[in-house]
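Asker: If you read the sequences in order, they're chains G and A.
Position one of the first sequence corresponds to residue 1 (our numbering), numbered consecutively onward.
Position one of the second sequence corresponds to residue 1 (our numbering), numbered consecutively onward.
No wet-lab data here; the hints were simulated from the structure.
Quantities reported herein were computed from a predicted structural model and do not represent experimental measurements.
A hint or two may mislead.
[To be verified] Just so you have them, the derived chain A footprint on chain G, three or more residues with Cβ under 8 Å:
1) 50-64
2) 88-99
3) 104-117
Glycine residues also receive a C-beta, built at the ideal position from the N, C-alpha and C atoms.
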Amino acid sequence: MAAFAHAMPLGGLFGGVMIGLAAAAMLLGLGRIAGVSGLFARSIGVAPAGAPWTVALAFVAGLPLGALVAAWAAGGIEANYPGLPALVTGGLLVGFGTRLGSGCTSGHGVCGLARLAPRSILATLAFMASGFVTVGLLRAGGLL
Amino acid sequence: MTRALLALASGALFGAGLAVSGMADPVRVRAFLDLFGAWDPTLAFVMAGALLPMALAWRLQRRMPRPLAAPGFRLPEPRRPDAPLLAGALLFGAGWGVAGLCPGPAIAGLAIAPVPAAIFIAAMTAGMLLQRAAAAALSQRSRKGGLPWTSSA
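Just chain G, with the same shape it has in the complex (with noise of 0.2 Å):
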């Protein structure tokens, strides 16, 4: 059980149910899919169609504001950030590979597999797999 001495099952789960619930609303309350994403594009208008440009804002300004709202009643959150050339390089990829793949870990990987999207199944597999490369030839190369 060492490998998993830091693992939340309960915390990662009851946080889940939070995340689906908020994408639930916005599917149930405004017909619209919670991918974090296209809702980001839409909102500094680097996607040109989409949800509207308030409702995009809205959410995408609602989230900082949740994690604090969290933080805040947890007395603090952890979070340990890679150092600078790791978040360029990763901020460019997943910039890029989000436009180019029309979503990211909510719009496809909660929202697109919730509703059986063979797009959405395709494109999780994908990002995921990539994802296990990427950190396995990093480790590989002793950068983690």
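Given chain G, put chain A in place with the hints provided.
Answerer: Frame of chain G; chain A shown alone:
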């Protein structure tokens, strides 16, 4: 106004869920992808927890003529998977592995670790603009844009 408030509340619940689930910690996310290191399965529990209410929501959605606070459902049409989808997902997964961050936790992270989160978001924005520029340039050059990086979706 109602719609913006609902979107704000949904975003806040989403962001709080990310923080509660440990997904606001890039090192924990990367540890899920690190099969040969100290593997952390937490992300699998988060996915399971999120898929449950969302699967129920899709069942409800099929019986609803319209959403509660909008005139109609605006959802992606069923389409075949294509090369841009696959190439984009592979690139996204690589970036996710490198930084341990995807868009949701990065934006939520502005409230927890503002400086590194902002750096990641700036790079992510640059990546999005690069994709748009590449798609525009290539769709102009190729008569029938069948190349994987020509998607502007």
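Asker: Give a verdict on every hint.
Answerer: Against the structure, the hints come out as follows:
| no. | hint | in the structure |
| --- | --- | --- |
| 1 | 50-64 | holds (count 13) |
| 2 | 88-99 | holds (count 12) |
| 3 | 104-117 | holds (count 12) |
When the structure is compared with the earlier hints, no violation turns up for any of them.
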